[in-house]
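K.L.:
According to our numbering, the stretch in the sequence shown is residues 1 to 153, in order.
Keep in mind the hints are simulated off the structure, nothing from the lab.
Quick caveat: nothing in here was measured; it's all calculated off a predicted structure.
The beta-carbon is built from N, C-alpha and C at its ideal position, and this holds for glycine as well.
Fair warning: there could be bad hints in the mix.
Lysine-lysine pairs mimicking BS3-like chemistry, simulated, CA-CA at most 30 Å apart [as the list claims (entries may be wrong)]: (1) K109 x K74; (2) K131 x K84; (3) K74 x K84; (4) K77 x K109; (5) K32 x K74.
Pairwise CB distance ranges, derived in the manner of DEER restraints [unchecked claim]: (6) K110 x K142: 18 to 26 Å; (7) D42 x P6: 27 to 35 Å; (8) G113 x A83: 33 to 41 Å; (9) Y116 x P6: 23 to 31 Å; (10) K142 x K109: 16 to 24 Å; (11) T137 x D42: 17 to 25 Å; (12) G20 x R114: 28 to 36 Å.
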Amino acid sequence: MTTLQPGDLAPDFTGTLQDGTTVSLSDYAGKKLIIFFYPKDDTPGCTAAACSLRDSFGELQEKGYELLGVSPDKPAKHLKFIAKHDLPMPLLADEEHEMMDAYGTWGPKKFMGREYDGVLRTTFVIDEDGKIDRVYTKVKTKVHAEQILADEE
1 MTTLQPGDLA PDFTGTLQDG TTVSLSDYAG KKLIIFFYPK DDTPGCTAAA CSLRDSFGEL
61 QEKGYELLGV SPDKPAKHLK FIAKHDLPMP LLADEEHEMM DAYGTWGPKK FMGREYDGVL
121 RTTFVIDEDG KIDRVYTKVK TKVHAEQILA DEE
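Given the sequences, and given the hints that come with them, work out the whole structure.
P.N.:
This is the structure we're talking about:
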């Protein structure tokens, strides 16, 4: 589970997007950024969260937010997920869990009595100065955008 708190500097990252381009935290300097970590493309909860953000994408952009999804899926799988659900935001392929480790979103999980390491569904809202503004560890997948917008100051 993440130990990052509001006010902490967001960990730097560099990773590969669905189209093979590279992105870093510095690419979002001076912008508000929502980073949502999710376990797997095209699964029910992950699709619900991504589609919630898709459906509110215009409103989030009007409020000055950029969005970035992160999962351990390969770029090619991200491309299919984006096309299938008409997602407007880029998706980063963190196959080696480097970004997830930095943000504390890779760790032990339990499912059906079995413990294993996986993605801990978490969303970070980062301010224009690169500091964490909000952390969501209890993501309500079907209404995730509404969760974020409700906390907008």
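K.L.:
If a hint holds in the structure, say so; if it does not, say that too.
P.N.:
Going through the hints against the structure:
no.: 1; hint: K109 x K74; verdict: holds, 21 Å
no.: 2; hint: K131 x K84; verdict: violated, 33 Å
no.: 3; hint: K74 x K84; verdict: holds, 16 Å
no.: 4; hint: K77 x K109; verdict: holds, 23 Å
no.: 5; hint: K32 x K74; verdict: holds, 26 Å
no.: 6; hint: K110 x K142: 18 to 26 Å; verdict: holds, 22 Å
no.: 7; hint: D42 x P6: 27 to 35 Å; verdict: holds, 32 Å
no.: 8; hint: G113 x A83: 33 to 41 Å; verdict: holds, 36 Å
no.: 9; hint: Y116 x P6: 23 to 31 Å; verdict: holds, 30 Å
no.: 10; hint: K142 x K109: 16 to 24 Å; verdict: holds, 20 Å
no.: 11; hint: T137 x D42: 17 to 25 Å; verdict: holds, 23 Å
no.: 12; hint: G20 x R114: 28 to 36 Å; verdict: holds, 35 Å
Comparing the model with each numbered hint stated earlier shows that hint 2 is the single one that does not hold.
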